[in-house]
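Work the whole structure out from these sequences, hints included.
The sequence shown begins at 1 in my numbering and counts up one residue at a time.
Everything labelled a hint here was simulated from the structure, so no lab data went into it. Take the hints with a grain of salt, since some may be wrong.
Said to hold, decoys possible - Derived DEER-like restraints, expressed as beta-carbon distance ranges:
(1) D258 - T52: 40 to 46 Å
(2) G47 - E208: 22 to 28 Å
(3) T385 - D200: 30 to 36 Å
(4) A174 - T14: 26 to 32 Å
(5) D258 - D177: 43 to 49 Å
(6) E45 - G368: 40 to 46 Å
What the hints assert, rightly or not - No more than 25 Å apart at the CA atoms, straight line, and that leaves these computed lysine to aspartate or glutamate pairs for DMTMM-like:
(7) K313 - E303
(8) K313 - E62
(9) K313 - E208
(10) K257 - D345
(11) K288 - E94
(12) K288 - E101
(13) K288 - E62
(14) K288 - D89
(15) K257 - D331
(16) K313 - E277
(17) K288 - D376
(18) K288 - D305
(19) K313 - D54
(20) K313 - D301
(21) K313 - D369
(22) K313 - E55
(23) K288 - D298
(24) K288 - D301
Note that CB positions come from ideal geometry on N, CA and C, so glycine has one too.
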Amino acid sequence: MARLRPLLARIADTAADRDRRRRLPFEEVRWLREAGITTVRLPVERGGAGLTLDELFRLLVELGEADPNFPQLLRAHIMFNETVLHQQDSPQRERWLALLESGALVGNAISETGSAAVGRVSTRITERDGRLLLNGTKFYTTGSLYADWIQVSAERHSGESVRVLVRADAPGVAQRDDWDGFGQLTTSSGTIEFTDVAVDPADVAVGESGRTLRPAVAQLVLLSCLVGIARNAAADATHFVRRRRRSYSHASAELPKDDPLVQQLVGGLHATNFAAEATLHAAVTPLKRALSALRAGDVTDEELDRAEIAVSKAHVVIVEQVLAAITRTFDVGGASIVGRELALDRHWRNARTLAVHNPVLYKTRGIGDWAINGTDPIYRWTPGTVN
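Okay, structure coming up:
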């Protein structure tokens, strides 16, 4: 943490300019990697920093405050890392732990935009002439332009779901920086095409079915981004008011910083940040318990459900609070607050983009169905077509 914090200030200083020019932060990612960001969760005896899960998400909030693109571009790596750490012992676990110990960064190629049915993918892994080959096209491949390895969701011809790990620079891997969303501009969330990419059988894992903690981990990373954005937006609003000299004929004070209405608004922003961050860390607690039980081999359905529902509740609360707070941020000023030089619009654009991952209305409905009818939580948040 001590090695990483000085870098956060440097990243924050250039965040608005990166957003304005849509400059991909290859250099900044290199700084973080050299400081050990990819191994923070590995035990000290395995070459890592040994951070707890609570410490990890505090770090991600700080990183999200500096620039929310960074926690999101690390999201696939964090998911892969937690999966490997909490698996039962196996040769594959040791193989992938060694990869993580080396400092490798893992990206993702999970989602597709084609016509595959809900819960299915069009990407295929097949055997030809004694070799396993991967073919398909993915989108929303967040972080993969910065990665050494990419985890890919695919299916065998039998329909069995698998996850495979391939090198980002392997022959047949073609990445395109074609993410065109209006927020989270530098996450590298575009297209990857896989054409006859050779796959080592040792890097093929059967896809998860039923209850899993992967969605909870993934969602908490995005919520960390949102909490970080809210902190940054509140800080920007505070700074704006503190130095502002212009006011209104109908204002309650000569200077905005002395206006009780403005003070109330800024105070509300900081209170929202406090509540959002507390909600985030409250959701980490049941996840931490479930992950520990998973590693021990005695996790129960109830523990998994508690973790998933806690994260879903946190998702609803944080998304709604943060989006509302960022909108209120602009009420501390007049027309000058929307000036391009301030770049405050990036807070809303980034938060809105993060919020559409697993839309709140479906999360809320799932919580209600679980509470009223005892229906199992929804673990598979996958888009697709319905035949």
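Task: Broken hints, by number - done: Failing hints: none at all.
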